Amino acid sequence: KQEVTQIPAALSVPEGENLVLNCSFTDSAIYNLQWFRQDPGKGLTSLLLIQSSQREQTSGRLNASLDKSSGRSTLYIAASQPGDSATYLCAVRQAGGFKTIFGAGTRLFVKA
Amino acid sequence: NAGVTQTPKFRVLKTGQSMTLLCAQDMNHEYMYWYRQDPGMGLRLIHYSVGEGTTAKGEVPDGYNVSRLKKQNFLLGLESAAPSQTSVYFCASSGTGISSPNQPQHFGDGTRLSIL
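Chains as they are written, first to last, in our numbering: chain X, 1 to 112; chain D, 1 to 116.
One or more hints might be untrue.
Label pairs and their computed distance ranges (CB to CB) [claimed, not checked]: (1) 53/X - 96/D: 19 to 25 Å; (2) 69/X - 96/D: 26 to 32 Å; (3) 79/X - 104/D: 21 to 27 Å; (4) 19/X - 14/D: 42 to 48 Å; (5) 78/X - 104/D: 18 to 24 Å; (6) 52/D - 82/X: 39 to 45 Å.
Simulated crosslink set (BS3-like; lysine-lysine; CA at most 25 Å straight-line) [claimed, not checked]: (7) 70/D - 9/D; (8) 70/D - 57/D; (9) 71/D - 57/D; (10) 1/X - 68/X; (11) 57/D - 1/X; (12) 68/X - 99/X; (13) 111/X - 1/X; (14) 42/X - 9/D; (15) 71/D - 99/X; (16) 9/D - 71/D; (17) 99/X - 42/X; (18) 99/X - 1/X; (19) 70/D - 99/X; (20) 57/D - 99/X; (21) 57/D - 9/D.
Honestly, the hints are just simulated from the structure, not real lab data. Because the structure is a prediction, the values reported are computed rather than measured. Beta carbons: idealized from backbone N, C-alpha and C, even for Gly.
Same shape as in the complex, but just chain X (with noise of 0.2 Å):
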């Protein structure tokens, strides 16, 4: 059964800093993997999605690797700013059918 498991569960930072976001699978076996940030109350809006054949993924500060052998994750956000204070959630879609699995999400604050 896949699990998804992200860390850490929450972060706090200083403005400016670049940070690491966690994210591990234990089913290779995947057609992609996405991340999600979700603002408090709101739903989820799409940052960054890598398919299965793909190493890595860049959208403006943002740079999402993937393992998908060892069945990690790594979002990278460059010189954070409060604004990217939110969850951030990864989510592994299985291959072979339509099943995602989300992880808790990692609780990200970013201080002025």
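Following the hints, position chain D against chain X.
Structure of chain D alone, referenced to chain X:
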């Protein structure tokens, strides 16, 4: 830019009552999903649909039914609400064309449901 719209946004029910949650998307997506989000549990897939007229069970389908009579709409029904169904419900959609399974999911803002 409507995207995925969920109605209602909030609802309080008594145990045993029934209700339907509506999800509408205007992106011509093939796939639609219903999730619930509970503290400490993450998001869990309830039911999903791979196209108009199709539905399938997800991870936690018991106590829920769904229908996809039109491509743009996906309905989630609770026939007899229970306190364990108190949660935040999210609808998502994804995919156009043959690469549909590998395209990002887009989420609505959620429905906050309390069962007393």
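Verification of the hints:
1. Between residue 53/X and residue 96/D the beta carbon distance is about 21 Å. The supplied range of 19 to 25 Å therefore holds.
2. Look at residue 69/X against residue 96/D: about 31 Å separates their beta carbons, and that is inside 26 to 32 Å.
3. A beta carbon spacing of about 24 Å between residue 79/X and residue 104/D agrees with the range 21 to 27 Å that was offered as a hint.
4. Separation of residue 19/X from residue 14/D is about 45 Å and conforms to the stated range, judged on CB atoms against 42 to 48 Å.
5. Roughly 22 Å separates the CB atoms of residue 78/X and residue 104/D, a value that falls within the hinted 18 to 24 Å.
6. Range check, residue 52/D to residue 82/X: Cβ separation about 43 Å, and the 39 to 45 Å hint holds.
7. Distance restraint check for residue 70/D and residue 9/D: the Cα-Cα separation of roughly 21 Å lies within the 25 Å cut-off, and the hinted pair is therefore satisfied.
8. A hinted pair counts as satisfied when its Cα atoms are at most 25 Å apart, and residue 70/D with residue 57/D qualifies at roughly 18 Å.
9. Annotation: proposed proximity of residue 71/D to residue 57/D holds, straight-line Cα distance about 18 Å (limit 25 Å).
10. About 16 Å separates the Cα atoms of residue 1/X and residue 68/X, which keeps this hinted pair within 25 Å; it holds.
11. Simply put, residue 57/D and residue 1/X have alpha-carbon atoms about 17 Å apart, close enough for the 25 Å limit, and the pair holds.
12. For the given pair, residue 68/X sits about 17 Å from residue 99/X by alpha-carbon distance, which is consistent with the 25 Å threshold.
13. Annotation: proposed proximity of residue 111/X to residue 1/X is violated, straight-line Cα distance about 38 Å (limit 25 Å).
14. Distance hint between residue 42/X and residue 9/D is fulfilled; the C-alpha atoms sit about 11 Å from each other, no more than 25 Å.
15. As the CA atoms of residue 71/D and residue 99/X are separated by approximately 20 Å, the hinted pair is consistent with the 25 Å bound.
16. Taken as a hint, the residue 9/D and residue 71/D pair is honoured in the structure, with Cα atoms around 22 Å apart against an allowance of 25 Å.
17. With a C-alpha separation of about 22 Å, the suggested pairing of residue 99/X with residue 42/X holds against the 25 Å cut-off.
18. The hinted pair formed by residue 99/X and residue 1/X meets the criterion: a straight-line CA distance of about 11 Å does not exceed 25 Å.
19. Straight-line distance between C-alpha atoms of residue 70/D and residue 99/X comes to about 22 Å, which keeps the hinted pair within the 25 Å bound.
20. Between residue 57/D and residue 99/X the CA atoms are separated by roughly 10 Å; this keeps the pair inside 25 Å, and the hint holds.
21. Of the pairs offered as hints, the one joining residue 57/D and residue 9/D holds, with about 24 Å between alpha carbons and a cut-off of 25 Å not exceeded.
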